[in-house]
Amino acid sequence: MSKVSVIIPTFNEENVIGDCLESLSNQTYKDIEVVTVDDGSEDHTIDVIKTYLISHITYHLYKQAHKGSGIARNLGAKNAKGEILVFVDADMTFDKKFIQMLIKPIISGKAIGTFSKDEFVLNNENVWSKCWNINKGLPLYRMHPKKYPNEQKVFRAILKKEFDKTGGFSPIGYIDDYTLAEKLGVKAVVAPNAVFYHRNPETLTEVFKQARWIGKSEYKRRKIKNEQVMRILSLIRYLLPFTLIHSCIRVLKYRILKYFIFKIVYDLAVEISLIKSFFGEQKYK
1 MSKVSVIIPT FNEENVIGDC LESLSNQTYK DIEVVTVDDG SEDHTIDVIK TYLISHITYH
61 LYKQAHKGSG IARNLGAKNA KGEILVFVDA DMTFDKKFIQ MLIKPIISGK AIGTFSKDEF
121 VLNNENVWSK CWNINKGLPL YRMHPKKYPN EQKVFRAILK KEFDKTGGFS PIGYIDDYTL
181 AEKLGVKAVV APNAVFYHRN PETLTEVFKQ ARWIGKSEYK RRKIKNEQVM RILSLIRYLL
241 PFTLIHSCIR VLKYRILKYF IFKIVYDLAV EISLIKSFFG EQKYK
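Numbering (the UniProt record's numbering), first residue to last: 1 to 285.
Don't read these hints as lab results, they were simulated from the structure.
Idealized CB from N, CA, C, for every residue including glycine.
Possibly wrong hints are sitting among the right ones.
Claimed, not checked - Label-pair ranges, simulated between beta-carbon atoms:
(1) K183 x E42: 29 to 35 Å
(2) T51 x L138: 19 to 25 Å
(3) F208 x F242: 14 to 20 Å
(4) K147 x F208: 39 to 45 Å
(5) V229 x G109: 41 to 47 Å
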């Protein structure tokens with residue numbers, strides 16, 4: 001049986017990390033260690049994590065100054081003892097067979113790394129969570145479109161020896177988890193039936209904070225080499241007239257009036273991050 005290291009970066013996650021760790025402690029696959037790396041939390045995240053250090057699963061806690069999730073994951077991977085690394089977020093919970101199914105293609109030799117399309121919204125009854133998925137053009141209860149490719153850039157699990165070849169995640173902000181595939185020249189392969197749940201922002205404050213983080217790397221999603229041109233095009237996309245047009249279309253389709261408020265808050269946060277990116281604002285949360 002291959003040992004698995006589950007790596008979780010945390011930053012002010014006191015309200016969600018407990019559920020995440022609890023679901024990992026109930027996995028059918030038992031040869032796992034959980035490596036949490038706290039990225040300078042200012043709340044009680046570390047206190048919550050410490051309550052799980054006495055669990056039957058091996059837990060490790062590392063701390064660093066606030067440098068971002070990419071660097072936190074790299075620190076976790078450096079200290080991991082497993083042959084397979086699994087990268088998850090603190091606001092996720094997992095079906096009891098999640099690890100077992102996620103690593104199955106790796107253990108069988110069919111892939112060096114995997115991801116799961118069976119990612120569902122944990123809090124889809126919340127109106128702001130619904131608005132989040134509407135904004136992304138997704139079904140209200142899923143984190144991926146129904147017709148999603150069987151290969152993608154974000155690795156949920158990967159052989160440690162392959163991860164080590166890359167030197168880890170590049171610390172570029174919101175999309176730093178794309179960088180492994182770019183370095184390896186290989187995409188993650190789908191692992192069927194690896195079911196897990198991911199929490200969307202459920203207050204306007206959370207929406208604003210998450211959108212600010214996304215906005216710090218928004219311009220990097222565009223396939224234009226000139227960075228300044230990418231920033232300007234992204235700024236135009238989130239201007240108020242386009243926000244209102246987009247909102248009207250989505251409100252008519254989904255009949256959720258609060259989406260107007262959501263979209264204004266979301267786009268404003270992204271605009272602020274894009275403007276500050278001209279002045280070198282840090283790209284992590």
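The hints, checked one at a time:
1. K183 x E42: 29 to 35 Å: Holds, at about 32 Å.
2. T51 x L138: 19 to 25 Å: violated, 34 Å
3. F208 x F242: 14 to 20 Å: holds, 19 Å
4. K147 x F208: 39 to 45 Å: violated, 31 Å
5. V229 x G109: 41 to 47 Å: Distance hint for V229, G109 holds at roughly 44 Å.
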